[in-house]
Amino acid sequence: MIDDRNDLDAAIVQGLAQAVPQVDPPADLRARVLGSIGAAAVSPPKSGFSGSLMWLATAATLALVLGLSLYTGQLRRRVRAVEADLRLADARAAAGEQQAAEAQRDAAAAQSSLLVLTAPDMTLVNLAGQRAAPNASARAAWSRSRGMVFTGRNLPPLPAGRVYQLWVVTAQAPVSAGLLRPDAQGGVSGTFVTPPDISAPVALAVTIEPEGGVPAPTGDKYLVGLL
Amino acid sequence: MWSLLALVVPSWTEDRAADRAALIRMARGDQQAVSELYDRHARPVFSLALRVLQDRSAAEDVVQEVFTQAWTQASRYDTGRGAVGAWLMNMARSRAIDRLRATRIRPDSNLARDEMLDVPDGSALQDLQLLSAEQVSAMKLALDALPALQRIALELAYFEGLTHMEIADRLEQPLGTVKTRIRQALIKLRDSLQALQA
Chain A
24 MIDDRNDLDA
34 AIVQGLAQAV
44 PQVDPPADLR
54 ARVLGSIGAA
64 AVSPPKSGFS
74 GSLMWLATAA
84 TLALVLGLSL
94 YTGQLRRRVR
104 AVEADLRLAD
114 ARAAAGEQQA
124 AEAQRDAAAA
134 QSSLLVLTAP
144 DMTLVNLAGQ
154 RAAPNASARA
164 AWSRSRGMVF
174 TGRNLPPLPA
184 GRVYQLWVVT
194 AQAPVSAGLL
204 RPDAQGGVSG
214 TFVTPPDISA
224 PVALAVTIEP
234 EGGVPAPTGD
244 KYLVGLL
Chain B
1306 MWSLLALVVP
1316 SWTEDRAADR
1326 AALIRMARGD
1336 QQAVSELYDR
1346 HARPVFSLAL
1356 RVLQDRSAAE
1366 DVVQEVFTQA
1376 WTQASRYDTG
1386 RGAVGAWLMN
1396 MARSRAIDRL
1406 RATRIRPDSN
1416 LARDEMLDVP
1426 DGSALQDLQL
1436 LSAEQVSAMK
1446 LALDALPALQ
1456 RIALELAYFE
1466 GLTHMEIADR
1476 LEQPLGTVKT
1486 RIRQALIKLR
1496 DSLQALQA
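Residue numbers (my numbering), protein chains in the order written: chain A, 24 to 250; chain B, 1306 to 1503.
Only chain B is shown next, with the shape it has when bound in the complex (with noise of 0.2 Å):
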């Protein structure tokens, strides 16, 4: 089953070694590298952009600022990381919230940082890495099965960067119930990953 759908999921995830060469090259100054780059991880990189920001012109501008960083931050990159496609991904949603929370009203703005999503942000992983298309799909199986009340909490941490006090605002939802529910969300999730190695 998981092979068939791996048929129809974009297979983006190949090629990581291609994109770490590619990233060498960009490093030396191979402006054609970028171009290789570009064609595999755009859309991607569109797609995320866009789920964050709905708004499609907004979204093409942070494809740019993505590309544009990698290109001059190429120098930088340790290929032992991992995969650059996450990294470009990690990047894509970081600057698509910071959009996000510019043109966000945030009186409560002053908030510490350990008040905010214990959904990881992805900016200090250490091992970037790209899931397989079945992994993917156990994903995308695994938040279909998720309640709303989880699946929304979850959506509005790690897409809209809304911090729990937030999300409890927005969902009208005491905060306790909310940061249960998000940590109910990624246990299932983490369970659904879990489930396809076991």
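This is chain A alone, in the form it adopts within the complex (with noise of 0.2 Å):
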């Protein structure tokens, strides 16, 4: 029975050397490892052939068997080391191509970062904490031609459901600008596209709202920066 970790660690054990491909080991090592402890005049090898004919016939056969083993046994060496090469070039492979997936989105964000950071047109924003989370805060670099990017901290979590929605607020009407799900420590960062031709805006919000967002806040406001 397996009732707990340290047995299920144990059978795990077992699990693995019972699972390896089962070979036949050679047909003399029985007499050589009886022989060995002096057992082996005790105990014939199990055979079901008798006669001088079986003996022949045993003798030839195993002569043919003892060099086809010996190629075989080459080959199959030959064969594994190759196996084992191409599966660590394979895990290396694989590992190599989630870093360079991480490194590109990486950099791609990097560089939206930066050309938000850059514009001619770039302003900051601080965004203060209100009555729902008074220890938040938050900074935001807004270009109307490039977007926006935006740094959050001590949000608090999130319940279920629910997510934060950032907003630029205008003289018409807030428009969204993307959703934020803060980490374990209430921190949040990220860039976003706001559309070039939105109209003059007045201040940043963040709200939360129904998971996926809306379309213009329902929630209590989080944060809060006037431009």
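Do not rely on the hints blindly, as some may be mistaken.
What the hints assert, rightly or not - Keeping only pairs whose Cα atoms sit at most 20 Å apart, straight-line, the calculated EDC-like set for lysine to aspartate or glutamate is:
1. K1484/B with D1474/B
2. K1445/B with D1474/B
3. K1484/B with D113/A
4. K1445/B with E106/A
5. K1493/B with E1439/B
6. K1445/B with E1465/B
Said to hold, decoys possible - For the chain A half of the interface with chain B, some residues (derived, Cβ under 10 Å), not all of them:
7. G38
8. L39
9. I60
10. A114
11. R115
12. V211
13. P240
These are calculated hints, taken from the structure and not from any lab test.
Glycine residues also receive a C-beta, built at the ideal position from the N, C-alpha and C atoms.
Join the two chains into one complex using the hints; note that each chain is given alone, in its own frame.
In structure tokens form, the structure reads like this:
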């Protein structure tokens, strides 16, 4: 029975051992093993063959099997070595691709942020925590032509089914810039695209909204910063 | 499905009572009992040694050592501990890895034991057990389903006795990544056995 963690570990150890491809040991190994402990004479190998004809046939077969097994043994070792190299190469390639994709995403995000931060029309906005989150704060760099870089901290954890939404508040109506999901420490950062033809903005705000976001703000304000 | 798989998996999980009886006879000096034990377990023992060493001749030497050790230690083996076959397998893996280590250059051979793999090596297991055919089949399926990096890291730890650091070097991966992959692999294998039990 497998009852607890330790027993399971023991089971895994045995499972790994038993899961290896099963290979017959050479026929003469039995006699060598038993001979080494003085048991060979006591226990002849089990065999269904008997008689001189059978011995001749067995000897011929053994010679053939020995030759073949030497050759197949060599081939098997070479195939295993190639397979092992291939699996190592596959693993390295998979890990490399993953790292490359992550690096590419990081580079793209950094490039987007740099474009916003170096925009000639860039405006810095400090957002202050509101009554729902007095300790929260954020800073945003907004460019009409290139979008927004937003970094917030100390945002309260989101309840299930809710998300923070970032708004560019204009004289007409707030325009959604995107959704924010803070990490376990309440930090969040990202680059957002805002419509270049947006009418004169007066403020940035973060509200809490239903998962997926909404076309116009409905929830409490968590962060507000005037432009 | 499992019962069908059980038919095609070697049924060497049987005869446990006969194994225990053979060991008791060996402890009394009955050499015939060794040959019975050999006939039942030489194949899996040889297969495991061959998997570790990738060398038939060296694997044959390990088989010889294992059964010689079983003969000399039969009187000290507590048959209440569990399956004799599992005991033989543990000896085979341990001796095969010792040989592998002896031939490997070990620049960091002073590593503390706790820096080595946390895949249990079986040497200190109190309840030696053999898995049933369906448990082995479930384990094989789970192994096949592991992502390449997890499986290779686990196999390097278990079959080559490499430390996490050595695996990280071999795979050219960060140490933390290697530890995580091995842990994830063990969790999946554990889950596969638990799912079977459920």
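Practice problem: Closer than 10 Å between Cβ atoms is the bar; does L39/A clear it against chain B? Give me holds or violated. | Solution: Cβ of L39/A sits 5 Å from chain B, so the hint holds.
Quiz prompt | Residue hint I60/A, partner chain B, criterion CB-CB below 10 Å | solution = Cβ of I60/A sits 5 Å from chain B, so the hint holds.
Quiz item: Would the stated hint for P240/A survive a check requiring a Cβ distance to chain B of less than 10 Å?
Solution: violated (41 Å)
Quiz prompt | Distance restraint between K1445/B and D1474/B, which requires alpha-carbon spacing of 20 Å or less | solution = violated (27 Å)
Quiz item: When the nearest CB of chain B is found for A114/A, is that gap smaller than 10 Å?
Solution: holds (4 Å)
Quiz item: Has the given pair, K1445/B with E106/A, been kept, meaning a C-alpha gap of at most 20 Å?
Solution: holds (18 Å)
Quiz item: CA of K1493/B to CA of E1439/B, is that 20 Å or under?
Solution: holds (16 Å)
Quiz item: With 10 Å as the cut and Cβ atoms as the points, is G38/A at the interface with chain B?
Solution: Interface hint status for G38/A: holds (4 Å vs cutoff 10 Å).
Exercise. Take a quick look at whether K1484/B and D1474/B sit within 20 Å of each other, Cα to Cα.
Key: Holds. K1484/B to D1474/B sits at ~13 Å (cutoff 20 Å).
Quiz item: Would the hint on R115/A stand, with a C-beta cut-off of 10 Å toward chain B?
Solution: Holds - the Cβ of R115/A comes within 10 Å of chain B, reaching about 6 Å at its closest.
Quiz item: Should the hint that V211/A touches chain B count as held when the rule is a Cβ pair under 10 Å?
Solution: Violated: closest Cβ of chain B sits about 25 Å from V211/A, beyond 10 Å.
Self-check item: Pairwise hint evaluation, E1465/B against K1445/B, where the allowed Cα distance is 20 Å at most
Solution: It holds: about 19 Å lies between the C-alpha atoms, which stays within 20 Å.
Consistency with the previously given hints fails for numbers 2, 12 and 13, ordered from lowest to highest.
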